[in-house]
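*Asks:* Sequence:
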Amino acid sequence: MRTRAEILELLHELNVVIADDLEDQTLDFKEHPGSAKELLRMVCEHVVCFANAKGGTLVVGVKDKLSAPNRAQAIRGLPPEFDLDDVSQLQRSVFDSTDPHLTPEMELLDVPEGRLLLIHVAAGENPPYTSTQAPTKRRVGKNCLPLTGSMMRDLITQAEAADFSARLISDALPADLVSSAEMERLRSFGRQNRAPAELMVQGDLELLSSLRLVRDGYLTYAGLLLVGRQEMLARYISTHEWRYLKMRSDTDIEITQGNNAPILAALERIETYLSAANPVTTFVQGFQHAEFKTYPDIAIREAVLNAFVHRDYAIPNLTIVRMLPYKLEVENAGGFMSDITPENILHHPPVHRNRLLADALNGLNLVNRNNLGVKRMYKSMLEQGKEPPLYTATPQSVRVSFHAQELDRGFLQLMNWLGEQSSRLQELISADMLLVLHYLRRYREADLATLAVACQLSPGDTRHLLSFLEEGGAVEHAGYGKGLFYRLSRLAMDQLGDSLRYDRNARLEKEAVKTRVLSLLKERPLTNREVREISDLDREGVKRLMEELREEGLVRVGGRGAGAKWYGTGASKVTSLFGAHFPETGDDLSADVEE
Numbered sequence: 001m002r003t004r005a006e007i008l009e010l011l012h013e014l015n016v017v018i019a020d021d022l023e024d025q026t027l028d029f030k031e032h033p034g035s036a037k038e039l040l041r042m043v044c045e046h047v048v049c050f051a052n053a054k055g056g057t058l059v060v061g062v063k064d065k066l067s068a069p070n071r072a073q074a075i076r077g078l079p080p081e082f083d084l085d086d087v088s089q090l091q092r093s094v095f096d097s098t099d100p101h102l103t104p105e106m107e108l109l110d111v112p113e114g115r116l117l118l119i120h121v122a123a124g125e126n127p128p129y130t131s132t133q134a135p136t137k138r139r140v141g142k143n144c145l146p147l148t149g150s151m152m153r154d155l156i157t158q159a160e161a162a163d164f165s166a167r168l169i170s171d172a173l174p175a176d177l178v179s180s181a182e183m184e185r186l187r188s189f190g191r192q193n194r195a196p197a198e199l200m201v202q203g204d205l206e207l208l209s210s211l212r213l214v215r216d217g218y219l220t221y222a223g224l225l226l227v228g229r230q231e232m233l234a235r236y237i238s239t240h241e242w243r244y245l246k247m248r249s250d251t252d253i254e255i256t257q258g259n260n261a262p263i264l265a266a267l268e269r270i271e272t273y274l275s276a277a278n279p280v281t282t283f284v285q286g287f288q289h290a291e292f293k294t295y296p297d298i299a300i301r302e303a304v305l306n307a308f309v310h311r312d313y314a315i316p317n318l319t320i321v322r323m324l325p326y327k328l329e330v331e332n333a334g335g336f337m338s339d340i341t342p343e344n345i346l347h348h349p350p351v352h353r354n355r356l357l358a359d360a361l362n363g364l365n366l367v368n369r370n371n372l373g374v375k376r377m378y379k380s381m382l383e384q385g386k387e388p389p390l391y392t393a394t395p396q397s398v399r400v401s402f403h404a405q406e407l408d409r410g411f412l413q414l415m416n417w418l419g420e421q422s423s424r425l426q427e428l429i430s431a432d433m434l435l436v437l438h439y440l441r442r443y444r445e446a447d448l449a450t451l452a453v454a455c456q457l458s459p460g461d462t463r464h465l466l467s468f469l470e471e472g473g474a475v476e477h478a479g480y481g482k483g484l485f486y487r488l489s490r491l492a493m494d495q496l497g498d499s500l501r502y503d504r505n506a507r508l509e510k511e512a513v514k515t516r517v518l519s520l521l522k523e524r525p526l527t528n529r530e531v532r533e534i535s536d537l538d539r540e541g542v543k544r545l546m547e548e549l550r551e552e553g554l555v556r557v558g559g560r561g562a563g564a565k566w567y568g569t570g571a572s573k574v575t576s577l578f579g580a581h582f583p584e585t586g587d588d589l590s591a592d593v594e595e
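Heads up: the sequence shown begins at 1 in UniProt numbering, then just goes up one per residue.
The hints are simulated quantities; they were obtained by calculation from the structure and are not laboratory data.
For clarity, every value in this text was computed on a predicted model and none was experimentally measured.
Please note: incorrect hints may appear among the correct ones.
To be verified - In silico BS3-like cross-links for lysine-lysine, where the CA-CA straight-line distance does not exceed 25 Å:
no., residue 1, residue 2
1, K482, K543
2, K54, K142
3, K543, K514
4, K482, K565
5, K246, K142
6, K522, K565
7, K63, K142
8, K375, K482
9, K65, K142
10, K246, K293
11, K37, K65
12, K482, K514
13, K375, K327
Unchecked claim - Here are the computed distance ranges between Cβ atoms for each label pair:
no., residue 1, residue 2, range
14, T341, Q405, 19 to 27 Å
15, I253, Y218, 35 to 43 Å
16, S275, S422, 45 to 53 Å
Built from N, CA and C at the ideal position, the CB exists for glycine as well.
My request is simple: use the sequences and hints to build the entire structure.
*Replies:* If you want it as structure tokens, here you go:
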């Protein structure tokens with residue numbers, strides 16, 4: 001991939017060479033095709049092309065083939081209305097149109113000749129990638145060439161060579177390795193999770209082959225981890241072992257359970273152990289009684305399965321589930337892969353250390369390969385008014401912690417109210433939206449940049465999310481320009497039982513702005529434009545503010561037209577209530593102060 005600075009340097013050369021001569025394995029230039037539909041098709045084709053190779057950067061807005069070098073003719077730019085909202089929409093469309101999903105980094109670059117779009121694509125972790133919008137291609141030299149059958153097989157072979165779970169056990173037959181009891185358990189989990197019915201009626205070997213757990217007549221390590229006999233697991237994957245620890249304190253163990261049973265058996269037993277130590281709270285609303293566990297079942301299952309799927313089986317450490325009086329921890333061997341961090345895990349494209357194992361569990365509907373498991377954990381906690389899971393990582397391990405928290409009845413009331421206001425909002429409420437609501441409840445207000453960091457999204461995506469919440473009546477904005485901020489609406493605060501805090505905050509904000517304006521008026525007069533800059537209010541907001549101060553006897557207008565300004569009267573807020581002269585009701589003197 002190329003940096004912004006590198007692209008700028010290359011653009012300087014367009015008076016010497018044509019763009020086509022600058023292209024290589026990781027760089028391509030293309031004109032904007034003229035329509036959003038064709039742009040999506042072109043971008044998907046190149047994103048898949050780069051991801052199936054070494055990655056690269058696509059520069060949109062530059063004509064690559066000219067009869068002679070000419071920078072002014074080469075840089076055609078984007079349509080004038082193309083902005084950050086269009087970039088966010090394009091990113092979402094590319095994500096939806098690629099499989100496995102891809103989320104390339106996109107940025108706008110303004111140059112004297114026009115605006116360009118830079119699309120940066122990392123080399124794919126799980127090729128081959130395809131798209132519903134364009135033919136599947138791979139970057140070869142400076143061209144995107146169709147992915148042939150042999151190239152597809154090469155990509156799959158390369159991926160499997162790096163996938164521990166895809167390795168074959170070639171010195172034993174599947175019948176000697178597989179447990180009949182575990183096969184029945186696998187089918188039982190599949191039925192419970194609505195796996196395809198045609199899979200569940202297949203015989204053992206046929207089912208394992210359909211899930212790609214048997215290949216060329218041999219069982220894979222993924223198959224052994226799911227349905228293997230324990231003695232065979234000990235022989236071939238000696239690092240596979242798990243523990244459940246119930247702790248009285250950080251140092252005092254009350255119960256220890258665990259062995260090297262295969263993954264589904266381990267999951268079943270761990271869920272049984274945790275069920276006995278997972279308190280239930282009843283929420284009553286009208287005639288409805290709903291029960292909520294301290295640690296939601298979906299969060300537990302996702303965390304435990306993720307620990308087995310993403311662990312590094314080359315490291316001889318246990319997979320540990322630790323229940324303490326105040327939190328639940330799930331820890332696996334092996335650090336985060338690629339550039340995943342706790343700060344970007346919610347929206348990072350999926351990266352699998354054991355891809356075949358993830359694929360098999362995905363085929364049983366037990367996990368989702370598209371990184372939805374993390375979002376499910378977040379959402380299951382947040383919708384109960386609880387803090388989301390906390391990730392900590394080292395190069396050798398990853399730990400996810402769920403802190404024991406009481407059910408937030410006010411937040412549940414808010415969720416029910418939002419559903420009553422908008423069935424569409426109830427259906428589409430996401431972990432990102434819940435993070436925004438939690439943040440605004442805790443910190444009262446925040447600007448766009450702060451909320452983008454809180455929900456791990458770009459500012460453009462966050463703006464769309466906030467607009468959706470505003471339409472649903474949950475959030476409102478205030479201020480103007482750089483001073484724009486968001487807060488929970490009065491009605492939302494009512495559901496939380498915090499309407500008094502809303503009124504108090506609104507009054508405090510207004511008083512703070514008045515104090516700021518009056519303080520400056522002691523030093524010099526101000527125009528309406530200057531008051532807008534000071535207060536971050538729009539024109540109507542400034543008009544109302546200054547009329548209130550005028551009626552309180554604290555300001556007056558001097559001059560008219562372009563020379564009109566606001567002056568302080570010198571009166572204090574207390575004395576003005578008793579001794580100031582108030583102009584006739586209906587006099588709109590603020591209109592005399594021009595911008």
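*Asks:* If a hint holds in the structure, say so; if it doesn't, say that too.
*Replies:* Hints and how they fare:
1. Of the pairs offered as hints, the one joining K482 and K543 holds, with about 19 Å between alpha carbons and a cut-off of 25 Å not exceeded.
2. Proposed proximity of K54 and K142 is supported: the alpha carbons are some 12 Å apart, at most 25 Å.
3. At roughly 13 Å between alpha-carbon atoms, K543 and K514 fall within 25 Å of each other, so this suggested pair holds.
4. Proximity of K482 to K565 is assessed by CA-CA distance (about 24 Å); at most 25 Å being required, the pair is judged to hold.
5. For the suggested pair K246 and K142, the alpha carbons sit about 58 Å apart, so the restraint of at most 25 Å is broken.
6. Between the alpha carbons of K522 and K565 the distance comes to roughly 13 Å, so the proposed pair stays at or under 25 Å and holds.
7. The straight-line distance between the Cα atoms of K63 and K142 is roughly 15 Å, inside the 25 Å bound, and the hint therefore holds.
8. Of the supplied pair hints, the one linking K375 and K482 is violated, its CA atoms being roughly 31 Å apart against a limit of 25 Å.
9. A threshold of 25 Å between alpha carbons decides the hint, and for K65 with K142 the separation of about 13 Å falls inside it, so the pair holds.
10. Distance hint between K246 and K293 is fulfilled; the C-alpha atoms sit about 17 Å from each other, no more than 25 Å.
11. The straight-line distance between the Cα atoms of K37 and K65 is roughly 23 Å, inside the 25 Å bound, and the hint therefore holds.
12. This hinted pair checks out: K482 and K514 have alpha carbons roughly 19 Å apart, not beyond 25 Å.
13. Of the pairs offered as hints, the one joining K375 and K327 holds, with about 20 Å between alpha carbons and a cut-off of 25 Å not exceeded.
14. Taken as a hint, the range 19 to 27 Å holds for the pair T341 and Q405, whose Cβ atoms sit roughly 24 Å apart.
15. The hint said 35 to 43 Å for the Cβ distance between I253 and Y218, and at roughly 40 Å that hint holds.
16. Hint check: S275 to S422, Cβ distance near 35 Å, so the stated range 45 to 53 Å is violated.
The structure does not agree with the numbered hints 5, 8 and 16 stated previously, though it agrees with the rest.
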